[in-house]
Amino acid sequence: MNTTFKAMAAAIALGLPALALTTGPAFADEMAEGKWGEYQVGDKRSGYTYAGPETRAMQDDEFQNPAMLWLDTGMSEWENAAGDAGKACADCHGDAEESMAGVATKYPVYSEETGKMMNLEQRINFCRTENMQAEPYKWESDELLGMTAYVKNQSKGMPVDVSIDGPAKEFWEKGKEFYETRRGQLDLACTHCHVDNAGNLIRAETLSQGQGNGFPLYRLKWQKVGSLHRRFRGCNNNIRAEKLPYGSDEYTNLELYVTWRGNGLPIETPAVRK
Amino acid sequence: MASKPRVRAPKSASKGEVVEIKTLISHKMESGQRKDSDGNVIPRQIINHFEARFNGEPFFIAEIEPAVSANPYISFYHQPQESGEYEFVWNDDDGSTYSKKSKLTVEG
Amino acid sequence: MMSKAMSRRQVFFSIGGVAAAGVGMTLMPGLAKASPEEVQKAIKEMIGDTTPQEGKVSLDLPEIAENGNTVPVGVSVDSPMTQDSYVKAVHLMADGNPSPEVITFKFTPQSGRAEASTRMRLAQTQNVVAFAEMSDGSVYRAAQPVKVTIGGCGG
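Chains as they are written, first to last, in full-length UniProt numbering: chain A, 1 to 274; chain B, 1 to 108; chain C, 1 to 155.
Derived by calculation from the structure, the hints in this document are not laboratory data.
From a predicted model like this one, the values you see are computed outputs, not experimental measurements.
Please note: incorrect hints may appear among the correct ones.
For the chain A half of the interface with chain B, some residues (derived, Cβ under 8 Å), not all of them [what the hints assert, rightly or not]:
id: 1; residue: M68
id: 2; residue: D72
id: 3; residue: N131
Each residue gets a CB set at the ideal place from its N, CA and C atoms; glycine is no exception.
Looking at chain A on its own, in the form it has when it is part of the complex:
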């Protein structure tokens, strides 16, 4: 039984509309023309290139982009002293525009302190608990999303440059394994949609390569900003698989793998997607 058929059978069994994978518009021509400029590097294409013109326009105009409201929150949190140490981010890191430029291109990174990978959200909260002696921000709170987006935005336009050398290697392998493992009642791996069928339609929607370079981003469906882990949970839910906790090791390793896949793509944070 081939993948598509299997998925369709599962979908029908669940009483869901069939997951019809059909060929989308002729993207090959667009690639040949280099139409997507900085949003395409080799055969890697940002989710921007799969978005509709109105969605792209919303991202392009910094004032129309509703995610900027979250950046404002991040910017004010940067100056906001919290915790027993009485310090704000700015007290150690100064002007984020200087100190944070390029930093997010490297994340997730291997942390000596924890002996595992740390994404940007986890690094921010590590700083809060260890250095500021403050409560960590809650996952998907406006403060954590805002701070993550604000820090990552200081690297906007810079190419993603995640390292999988040294101790990161084993976590990359775990992430790769997750990415390639079938799961859920639809029995699909990430690869089935985002590698084998990127550019094809799933019902009325074009499947993207599932690149993470725009996260945290404003999603029209969510009507707010969300993290890459929220998107992972949504994806897992779609294939009727178990949703894992925000910040779980599995998702952080998966984030490493997904981010590494997009090495070279520019950071777009905060992007806008459907």
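Given the coordinates of chain A, work out where chains B and C should sit on it, guided by the hints.
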């Protein structure tokens, strides 16, 4: 998220020039048409009114319904004849008011 | 007068055919779209008994909305903006929503230009209609269908 407005209005313009103003405010715009997981209707809470004033005089108003998206974005125009101050005001169903001011210098 | 009213109703009924192209139930679940009577009532509240004329009003809308939660919409009216002659208001309506009213933009001669934009929710594929009230009491109308995409990946 606490509602915070963002406004892009020009700092200067020439007399009689038509300028574009863009506004954005964080707000969930709960429509009153959704139900929670227990089947209870989630009460409506929206920004219901927006007003743009120049030197105290309203020149553009929006009466807003639940069909306007979360984090309302509104853009519009103004033709200033003199220097002055803009005031942008949003009214929430819960009685709160949010506002933002900015100055404009008109030359010539 | 009667025939005009009928022609308006026909327009709204014809929209039902477009709506069949896709129904997004995630936005406002369990709610039917407004009935033709409710739509007529909404129009009457907006523009009274004035019969709208076609022309002068332009709508800027996507042909296909990627997500019904956030559909950009712009409207402009071809009119002077002077004390003697200006656009007083533009009413936007989406007749396939549970409640048809979307937003009313009120202009003044100081607006300089009768043009504004926002972002709206569309519960399903439907027509978006704009009514422009002019300072002389006349009303102009424009309508445009928008297809609302059913997502493959809710996420």
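Verification of the supplied hints:
no. : hint : verdict
1   : M68  : holds (6 Å)
2   : D72  : holds (6 Å)
3   : N131 : violated (26 Å)
Hint compliance for this structure: hint 3 alone is broken.
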